[in-house]
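Peer 1: Residues per chain, in single letters:
There are 2 protein chains.
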Amino acid sequence: MNQKFEQLKPYLENWAALQAALQLFGWDMETLAPEGAGKRTSLVFGVLSDRLREETLKPETKAIVRELLKDETLSDAERSIAKKIQKDIDDLELIPADEYRAFTELQSTATTIWAKAREEKNFDLFAPILEEILRYTRKFAGYKAKEGQALYDVLLEDFEKGFPMAVLDPFFDQLKETILPLLQKAKERADQIPDDFLFGHFDIDAQKEFNDYILDYLGFDRSRGVVAESAHPFTTNLHKDDVRITTHYYEELLTSAIFSSIHECGHALYEFDIADELSQTPAGGGASCGMHESQSRFFENMVGRSLSFWKPVYPKLQSLFPEQLKDVSCEKFVAAINKAVPSLVRTESDELTYCLHIMIRYELEKQLMDGSLAITDLPAAWDDLYEKYLGVRPANVAEGVLQDIHWSQGSIGYFPSYALGNAYGAQIAHRMAEDMDIDALLEQGNVSVITDWLHEHIHRFGAVYDARDLLMKVTGEDFNPKYYFEYLQRKFG
Amino acid sequence: MNQKFEQLKPYLENWAALQAALQLFGWDMETLAPEGAGKRTSLVFGVLSDRLREETLKPETKAIVRELLKDETLSDAERSIAKKIQKDIDDLELIPADEYRAFTELQSTATTIWAKAREEKNFDLFAPILEEILRYTRKFAGYKAKEGQALYDVLLEDFEKGFPMAVLDPFFDQLKETILPLLQKAKERADQIPDDFLFGHFDIDAQKEFNDYILDYLGFDRSRGVVAESAHPFTTNLHKDDVRITTHYYEELLTSAIFSSIHECGHALYEFDIADELSQTPAGGGASCGMHESQSRFFENMVGRSLSFWKPVYPKLQSLFPEQLKDVSCEKFVAAINKAVPSLVRTESDELTYCLHIMIRYELEKQLMDGSLAITDLPAAWDDLYEKYLGVRPANVAEGVLQDIHWSQGSIGYFPSYALGNAYGAQIAHRMAEDMDIDALLEQGNVSVITDWLHEHIHRFGAVYDARDLLMKVTGEDFNPKYYFEYLQRKFG
Chain A
1 MNQKFEQLKP YLENWAALQA ALQLFGWDME TLAPEGAGKR TSLVFGVLSD RLREETLKPE
61 TKAIVRELLK DETLSDAERS IAKKIQKDID DLELIPADEY RAFTELQSTA TTIWAKAREE
121 KNFDLFAPIL EEILRYTRKF AGYKAKEGQA LYDVLLEDFE KGFPMAVLDP FFDQLKETIL
181 PLLQKAKERA DQIPDDFLFG HFDIDAQKEF NDYILDYLGF DRSRGVVAES AHPFTTNLHK
241 DDVRITTHYY EELLTSAIFS SIHECGHALY EFDIADELSQ TPAGGGASCG MHESQSRFFE
301 NMVGRSLSFW KPVYPKLQSL FPEQLKDVSC EKFVAAINKA VPSLVRTESD ELTYCLHIMI
361 RYELEKQLMD GSLAITDLPA AWDDLYEKYL GVRPANVAEG VLQDIHWSQG SIGYFPSYAL
421 GNAYGAQIAH RMAEDMDIDA LLEQGNVSVI TDWLHEHIHR FGAVYDARDL LMKVTGEDFN
481 PKYYFEYLQR KFG
Chain B
1 MNQKFEQLKP YLENWAALQA ALQLFGWDME TLAPEGAGKR TSLVFGVLSD RLREETLKPE
61 TKAIVRELLK DETLSDAERS IAKKIQKDID DLELIPADEY RAFTELQSTA TTIWAKAREE
121 KNFDLFAPIL EEILRYTRKF AGYKAKEGQA LYDVLLEDFE KGFPMAVLDP FFDQLKETIL
181 PLLQKAKERA DQIPDDFLFG HFDIDAQKEF NDYILDYLGF DRSRGVVAES AHPFTTNLHK
241 DDVRITTHYY EELLTSAIFS SIHECGHALY EFDIADELSQ TPAGGGASCG MHESQSRFFE
301 NMVGRSLSFW KPVYPKLQSL FPEQLKDVSC EKFVAAINKA VPSLVRTESD ELTYCLHIMI
361 RYELEKQLMD GSLAITDLPA AWDDLYEKYL GVRPANVAEG VLQDIHWSQG SIGYFPSYAL
421 GNAYGAQIAH RMAEDMDIDA LLEQGNVSVI TDWLHEHIHR FGAVYDARDL LMKVTGEDFN
481 PKYYFEYLQR KFG
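Those protein sequences? They're chains A and B, same order as listed. Numbering-wise, this note's numbering puts 391 at position 391 of the first sequence, and it's gapless, one number per residue. Numbering-wise, this note's numbering puts 232 at position 232 of the second sequence, and it's gapless, one number per residue.
Chain A extracted, bound-state conformation:
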């Protein structure tokens, strides 16, 4: 290690500890903590965030980082860590301490209120807190905005560097142009694809057994990982040796938990595989939200909805649900899980329509941020866009505007990453296919060649490179969504 970089060690230790504590409280609040704990625990959350802020803004930290950024001898990893701390310093210095703290406390209570509002199908419960979140988000974006920069672009760049509206608008336009005709065809075909066997009554214990099986099959490392349940499946980690995913079981749906587990496992494999020396540093996560989604969506869709993946594992599923699946061939099952039908809920939607769900959120966020849409009009605007693009209209806010946790967490500008993740994934898979026959490996049940390749080309680098740089490094090409459009054409055309 560079000797100058060594001076960062005390800061990095504090950073890692406070970060892990915040992650653990976040995990705990969504999986286990009692409802009544909210208020007192949010104080704890606020203090810990505050301490992290304080450490980052200490004159020593700032001086060390400033010196490091002048040093030409740093490794890529060291430089990326220093740059990330510098970005934190810049961001934090723009936000007054009391506002920063109030916002972190707000975030920790907001998810609880969102969950309650969703359960009670009552948007009014959530509206005032969303108003607050938006107010802070706009204010903070305002502090950070460069001259003439739109507030929403500030958020977008934070989640996904290099993807402002100027890049995303044409991307979503092309997506729409690709998907809408394919969806028309898919709708016409839908009647001929039976999928009634995916709905009914599916014993939860048997579902759990299959989920455990499939996680082991994909290489989820139990000695460094935890699986639990929560309302909205997610992945978090304290460090690379403690990676946690959740799923949610529905008695009446066979595949919901399966695909959410495969999805979260994709995230988890990324975190497990990050280089030892990067873990517990600011470069110890994925390259970006979108790159993280590229991994989860690659496993969920390109791997998890392919015939070749299911061939070796389908008999296990059939044996757990003999009553429902005994007369369903693997081919028939795979056709059913790939059936594209317009639906209301993003996380339950098929691969083809998924990005339309994202596009709707993108459009709404743009309007919320530029002030052209009021919170009170949000539920109706949501419903209208669903009707426009998908031809379906939510019966209530739980399956409408309250379905996602993201806004309650203050994550505005995150959704586009999901769509970008699909596109990155297709671009990466195209490059991967030059090195191996993915389908043949899956048919052999040989997933590890694929995960090893991802480890080597993507995972181990953590956040040392941003998404566009990493794409360039791996595929020799800048971001290019054509691979994704071609993939959709091939699969649904």
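Read the hints as simulated data drawn from the structure, not as lab findings. A hint or two may mislead.
Treat identical chains as interchangeable: a pair holds within one or across any two.
As the list claims (entries may be wrong) - In silico DSS-like links for lysine-lysine, alpha-carbon gap of 25 Å or less:
#, residue 1, residue 2
1, Lys9, Lys70
2, Lys58, Lys9
3, Lys116, Lys39
Keeping the supplied structure of chain A fixed, place chain B upon it in accordance with the hints.
Peer 2: Leaving out everything else, chain B in the frame of chain A:
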């Protein structure tokens, strides 16, 4: 609130946050965290403890506390908080920072190693780490010892103020004199008390249902509480609105989980009931370990093993285990759960022999601390004392010296609190009986009158008074174990 006391607020906020984080990591490590997380998470643990130390030793903190202790206008609660912080300052100033940190990191890995050693029935795995723990414990006690004070007395006073060996030796002698003849009689009677129906095969889901039922019955507040499972049942809390207990289910034992749940519920009721303004301060826990045990043991034994308690709840148990209990009357069941038989495992032992298990640990700790017993000789010394007092000899270290988690947590000097807790409980129950007919209330299923009394007389005070002062306040008398000896005579004579 006193204006001067107000100055402590920033310290108390940091204290509460770091403390809650440490508690949550402790809980998580024993209930959920993956095995491989140990090393990196112990670094986190170390940093957080370090920060707590740093906050406590800040010149501002010391100056404020010093001033506060001179102030005559403080309330009892404020004074107790200031005194506790002063004690922390004194203790920490005696221990070098690097040693303190090394010890907290050691503690967090030691329980994992203990669990492994216990599982593999291999004392050699645990011996080196216990040696380390003892080395630090002796060293730290040495720093704190007043002239001529025995090291073990330093530890005892830390856990239970006012109970050095000079008080405990005669207490344990009297205990021995009381219990051994009663045990002799109990042994002679044992053959006439059938209890075969407590052993066999008991469906875990049915056990869980009864445990949930009994926790609700006792008033465990689900909106502020969590129930989980761990190898060794325990209670912890992040604050008064987040109190967590664990239990451990054994398929072959009917009552193990029941009594551990009732025991931990006794601890939990204490924590739930602490005054709002004390929670998240150093006076926001129980008065002492022993006072905490007085509550858990009171519920477990005086309440939980009484005929009057079982009369209203036994039909529920019978309905869950009809095959095993259909011909067992409530009276027969209660006789069985009160059967005194010498056994190997403390947590599974009956009420009469329980304190002999404690006495054995007390004798061994005394020898370990004064250096007259080497770690290598500990397993044999343990087995010999079991043979001497209880007439039984462990077949392996898992049911012998490795059965308790305490030493791996660095808790040496804690065990006597369990015995003291029994005695406090009897003294408190004697006073309580002046205000109500405990048996009649239990027969009516009216537990809340009892818990309300405890709230009013014990729980709400938190740690404002130490155990002896609180006993004086509640019962009008200093610690007096005669109530406990009389209780044992009455019950087992």
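Peer 1: The structure should be examined with respect to each hint, and the outcome stated for every one.
Peer 2: Status of the hints after comparison with the structure:
In the homo-oligomer, the alpha carbons of Lys9 and Lys70 lie at most 25 Å apart inside one protomer (18 Å), although the nearest pairing across protomers, at 41 Å, exceeds that limit. Proximity of Lys58 and Lys9 under a CA criterion of 25 Å is satisfied in both settings, with 14 Å inside one chain copy and 22 Å between copies. In this assembly of identical chains, the alpha carbons of Lys116 and Lys39 lie at most 25 Å apart only when taken from the same copy (15 Å versus 37 Å across copies).
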